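Colleague: Build the full structure now, drawing on both the sequences and the hints.
Under full-length UniProt numbering, the first residue of the sequence shown carries the number 1, and numbering increases by one thereafter.
Bear in mind the hints are in silico, worked out from the structure with no lab data behind them.
There may be inaccurate statements among the hints.
[What the hints assert, rightly or not] In silico SDA-like pairs for lysine to any residue, Cα to Cα no more than 25 Å straight-line: (1) K15 x A57; (2) K90 x I72; (3) K90 x V55; (4) K15 x V41; (5) K90 x N74; (6) K39 x R49; (7) K39 x K83; (8) K15 x E65; (9) K83 x E66; (10) K15 x M95; (11) K83 x G53; (12) K39 x E65; (13) K83 x V55; (14) K83 x L33; (15) K39 x A51; (16) K39 x V55; (17) K15 x N32; (18) K39 x T63; (19) K83 x G73; (20) K83 x I54; (21) K39 x N78; (22) K39 x I80.
Since the model is a prediction, treat every value here as computed from it, not as a measurement.
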Amino acid sequence: MDTGSAGGGGEGQIKGVLTHNGRYVQYNVYGNLFEVSTKYVPPIRPIGRGAYGIVCAAVNSQTQEEVAIKKIGNAFDNRIDAKRTLREIKLLRHMDHENIFIPNGHGLNNAYFKAVHGNILVIPGLAKIV
Numbered sequence: 001m002d003t004g005s006a007g008g009g010g011e012g013q014i015k016g017v018l019t020h021n022g023r024y025v026q027y028n029v030y031g032n033l034f035e036v037s038t039k040y041v042p043p044i045r046p047i048g049r050g051a052y053g054i055v056c057a058a059v060n061s062q063t064q065e066e067v068a069i070k071k072i073g074n075a076f077d078n079r080i081d082a083k084r085t086l087r088e089i090k091l092l093r094h095m096d097h098e099n100i101f102i103p104n105g106h107g108l109n110n111a112y113f114k115a116v117h118g119n120i121l122v123i124p125g126l127a128k129i130v
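Modeller: Here is the structure:
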C-alpha cells in the first residue's frame with residue numbers, strides 16, 4: 001500500500017506497507033516503525049518528536065476524527081525510562097478527567113498514547129504486536 005512518497009521529515013505523505021494479512025499498515029517515521037490498524041486512513045503524518053517519543057496524526061475512518069498517536073520507544077528497557085513512562089501513565093490516570101481514558105492493562109513493551117480530540121488512551125505493546 002503506497003500512501004505517497006517515502007519519508008519521515010514531515011513533508012508530503014509517508015509510504016505505508018500492509019502487514020498482518022492486511023489488518024495493519026506499517027509506516028517508517030523518522031526511522032521508527034509505526035504499525036497502526038487499517039482503520040486509520042492515510043496519510044499518517046509526523047507532528048512532533050522529542051526525547052521520549054514521536055507523535056503522528058491520522059484519521060479514524062470509523063469516526064472521521066483526527067487522532068494523535070504517541071510512540072515511546074524502548075519505554076521499559078531501563079529502570080529510569082520505565083519509571084518515567086509509568087509516572088506519565090499514573091499521572092494521566094490520576095487526572096480522572098472525562099476526556100482521558102486509559103484501559104487497564106497489560107505488560108507494556110513500547111507504549112502508545114492515542115489522543116482523540118483530547119481523549120488519551122494507552123494502547124500497550126503496539127510497537128511489537130500491531
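Colleague: All hints, please: hold or fail.
Modeller: Results of checking the hints against the structure:
1. K15 x A57: 14 Å, holds
2. K90 x I72: 15 Å, holds
3. K90 x V55: At roughly 20 Å apart (the allowed maximum being 25 Å), V55 and K90 satisfy the hint.
4. K15 x V41: Measuring from Cα to Cα gives roughly 12 Å; hence the hint holds.
5. K90 x N74: Satisfied, since the Cα-Cα distance of roughly 18 Å is no more than 25 Å.
6. K39 x R49: 23 Å, holds
7. K39 x K83: Given pair K39, K83 is violated - Cα atoms ~32 Å apart, limit 25 Å.
8. K15 x E65: 21 Å, holds
9. K83 x E66: 30 Å, violated
10. K15 x M95: 37 Å, violated
11. K83 x G53: 15 Å, holds
12. K39 x E65: 11 Å, holds
13. K83 x V55: 20 Å, holds
14. K83 x L33: The given pair, whose Cα atoms are some 23 Å apart, holds under the 25 Å limit.
15. K39 x A51: 28 Å, violated
16. K39 x V55: Roughly 18 Å between the alpha carbons, so the hint for K39 and V55 holds.
17. K15 x N32: Cα-Cα ~13 Å, so holds.
18. K39 x T63: 9 Å, holds
19. K83 x G73: Since the Cα atoms of K83 and G73 sit roughly 14 Å apart, the hinted pair holds (cutoff 25 Å).
20. K83 x I54: 19 Å, holds
21. K39 x N78: Violated, at about 33 Å.
22. K39 x I80: 34 Å, violated
The structure fails to meet hints 7, 9, 10, 15, 21 and 22 from the earlier list, while all remaining hints are met.
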